[in-house]
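**Q** Those protein sequence lines, which keep their order, are chains A and B. FYI, in the working numbering the residues of the first sequence are 1 to 334. FYI, in the working numbering the residues of the second sequence are 1001 to 1342.
Just so you know, the hints here were simulated from the structure itself, not pulled from any lab data. Heads up, some of the hints might be wrong.
Claimed, not checked - Lysine-lysine pairs mimicking DSS-like chemistry, simulated, CA-CA at most 27 angstroms apart:
#1 A/Lys273 to A/Lys178
#2 B/Lys1063 to B/Lys1008
#3 A/Lys273 to B/Lys1271
#4 A/Lys273 to B/Lys1063
#5 A/Lys271 to B/Lys1063
#6 B/Lys1144 to B/Lys1097
#7 A/Lys271 to B/Lys1208
#8 A/Lys273 to B/Lys1097
#9 B/Lys1114 to B/Lys1063
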Amino acid sequence: MSESPIYRATGIKKYFPVTGGILRRTIGHVKALDGVDLDIYRSETISVIGESGCGKTTLGRMLAVLQKPTEGELTFDFGQELQSVKELDREEELAFRKKVQMIFQDPYTSFNPRQRVGAAMNEVLEVHGVDDPEERFARINEACEMVNMRVEYLQRYPHEFSGGQRQRLAIARCLAVKPELIIADEIVSALDVSIQAQIINLLRQIQEDTGLSFVFITHDVAVARYVGHRIAVMYLGSVVEILPAEALPASAEHPYTIALLSAVPDMNVQKKKQIALQGEVPSPIDVPTGCAFSTRCPFVMDICRTQRPQLRSASDGRSDHQVACHLETPPIGA
Amino acid sequence: MSNILELKDVNVSFAVESDRLHILRDVSLEVPRGSFLCVVGESGCGKSVTAQAIVQLLPDNGKVDSGNIRYFDQNETLEINTLEKFGAKMRSLRGAKIGMIFQDTLSSLNPAHKVGRQVAETLRQHLDLSKEEARERVIELFKKLGIPDPERRYDAYPHEFSGGMRQRVMIAIATACEPDLVIADEPTTALDVTIQAQIMTLLKDLQKSAGKTFLLITHNMALVSEVADHVAVMYLGRIVEYGTVEQVLRSPKHPYTQALLKSVPSLAADKAIELLTVEGQTPSPADVTQGCEFAGRCAYIVDECRQATIPLISFENSHQARCMRLDKSGNLPAPTKVGDNV
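So that you can see chain A by itself, here it is in the shape it has in the complex:
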C-alpha cells in the first residue's frame, strides 16, 4: 500500500429526488449517500459491505462516474497528483474511463446478446484507442489467459456461456484495457458457490499478479473479508467503519458492524460478541438525524440523536482502523 491514494472521495452525497402529486413536485430526497469519505490506495482491494439500500452500489457508480454526486469531491491520481474528475473534457474523460473500469453483477445483461464476445472485447479496445489490430489481438489473448478462458471461445455468443464463464469474460474485457482500478459490484452474487469460489480465487490471483486496485462491493461479509485488504462497512448512506480485513470479526467496534457479523451464519466462528438487531433499516428518505444507526442501536446515547459521528481512530490504535461512533470504548468486549 503506497502513501498517497489513487482515488479519494470526500464528503460524497447523492440525493435522488422523490416526486409526488399531480405536478410531480419534489417532495423529498432519497439520501442514497449522505457524506462518504473514502481513500483507495494503489494495489489494494477495498471491500465495501452493507445491506440492501445502504448505498454501496451508488458509491460504486459515483466512483466510476456513471452518475455525478450531488455534493462532494472525487479526485483521481492521473499520474502526478490528485485531480478532480468532475469537470473532465472528452479526452480526459476517456483517459479516466480507461484507468477506471467497472464490472457488474448480472453477467447476462452486461454483454450484447447479438455480438460475439470477442468482438465485444475488440470494440472496447478500439474505443480506447488501441489502433493496431495485432496489439488488440495480443491484449485480448493475454486477458483471456489471465481468466483461464480459451481464445477459441471468443467466436461464440454470450448465450453459449454459463454465468461463471460470462463473469470471467467480463473480467477479461476489463483487463484488456489495462485499467488501474476496477470497481466490481456484486460480481459473484448471482453464482453458485462452487463457481463463486472459482471467480474469487481468480480475482485474488489477478490482484496479486497485476497490482491493480479493486473496489469490491458485496453484501457477503465473509467473501468481503476473504477478498479485501480493507473493509468499509456502510449503513444508510454512510461509512460507519473502515478496518483491515484481518481485524474482522474480532476487532470490529461499531455496533452495526458487530450486529451485522452476529447475523452472518458461520460454522467455524464462535461468536463472542453478539448483537441481535430488532426491526429494519429506516427509509433512506427519512434518515435519522445524528447517527443514522441511532434508531436501532442498543447503546444509543443522547448525543447520538443530535450529532452525526465522524470517522475517527478506533480504540485499538491501528492507523488503518476508523470508526464513526460516539461511544469512546467499544460496546462489547474488544
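Given the coordinates of chain A, assemble chain B onto it according to the supplied hints.
**A** Same frame as chain A, now just chain B:
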C-alpha cells in the same frame, strides 16, 4: 422418534421439448417428527422439486414416475402420490397439515388483496371460522410473529410491507392452521442477513416451542449449520449424503459435500489458503444417465464411477454417503485427478 414424512425411491421427470429429463433420482428421505431437516445443494440439484413433489405442486410438465411419498398423520398413513392432485384429501393436507413458505413473497401474495384477508382465507378454507373469528386469529398470529401494529397491518396491501415483513406474513399463512410439517423453500435468500437472522430465529422458535417439523430447502451451508438437526445434500437430482448436522458439516464423506464446504469462505478463513473449487459446472440432467452424477467433476474418479449404480453406504449412527470410493470407515483414497480441485 417416529417419522412424519418418508420418501422412498422417488423419481421425477420433466417433459422438455421432446425429451424427458430425469430430475429426481431415487430420492429417499425420512423426516423425523419435530426435527429441523435441511436439504442443501446448488441450483438445479432438485431440492425445490423435492418440495414440490411432496405437496403435489410440480409444474404441469413434471411427473412423479415412481416411488412413494408417505405422510404419517396421527392415526392414518397417507400415500401422497396416490392422492388426486387437487382432490379433497390433498387440499386438506396442503395448508392444514403441511404448510409452505416460498422464496419470492411478492409473487406468492396477491397484490390486490389485503394481507390479513389472505391469511384469513387459509384459516377459513380449513377451519369453520366466521370472518371476525378469523380476523382475531390472524391478528393474534401477526402479534406472535413479530409484525408490529397488527390491527393496522391486517388491512395493508403486500406492497406496503418490506421483504422481511412479507416473509413473516408468508409464515403466518403457512402456520395459520397449525400444520405439523412446514416446508420452507429458500425463505431468506432474498433477504438481508440481519433480517434472515430474525426469520430463522422465528422458525427455530416454532420448531422448539410448538413442536413443528421443518423441511428447509437452501443453498447456504453456513445457514444449515445454525438451524438444522439433519442434513441431506443433493447433487443433480440425487441425495449424495445424509446425516446429522454435526456429521455432515464436521466430517463430510462425499467428495461433493467436502468441496461444497471448502468453497465457501468463512469469517475465520485463513486468507493465505485458496478456496477449493470444483472444476467445471453442474452438467445437464440429460447428459448423465448412468454412474455417479458427480463423476465428471470429482477428483477421486475411477472408471467404475461412470458405470456402476452407486449405493448409499452407511457409516456410524446412520450417517450415509453415496460414493463407491469411500472405504468402510468413510475415508477417501488419494485423489486420482490432480488439478485445481485437490
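**Q** Confirm or reject each hint.
**A** Hints and how they fare:
The straight-line distance between the Cα atoms of A/Lys273 and A/Lys178 is roughly 43 angstroms, outside the 27 angstroms bound, and the hint therefore fails. Proposed proximity of B/Lys1063 and B/Lys1008 is supported: the alpha carbons are some 16 angstroms apart, at most 27 angstroms. Note on A/Lys273 and B/Lys1271: the hinted pairing holds, with a Cα-Cα distance of about 22 angstroms set against a maximum of 27 angstroms. Simply put, A/Lys273 and B/Lys1063 have alpha-carbon atoms about 49 angstroms apart, too far for the 27 angstroms limit, and the pair is violated.
For the suggested pair A/Lys271 and B/Lys1063, the alpha carbons sit about 45 angstroms apart, so the restraint of at most 27 angstroms is broken. Note on B/Lys1144 and B/Lys1097: the hinted pairing holds, with a Cα-Cα distance of about 20 angstroms set against a maximum of 27 angstroms. Simply put, A/Lys271 and B/Lys1208 have alpha-carbon atoms about 22 angstroms apart, close enough for the 27 angstroms limit, and the pair holds. For the hint linking A/Lys273 to B/Lys1097, the alpha-carbon distance of about 39 angstroms lies beyond 27 angstroms, and the restraint is violated.
Only pairs whose Cα atoms come within 27 angstroms are accepted, and B/Lys1114 paired with B/Lys1063 is rejected, the gap being roughly 34 angstroms.
Going down the numbered hints, you'll see the structure goes against 1, 4, 5, 8, 9, while the others check out.
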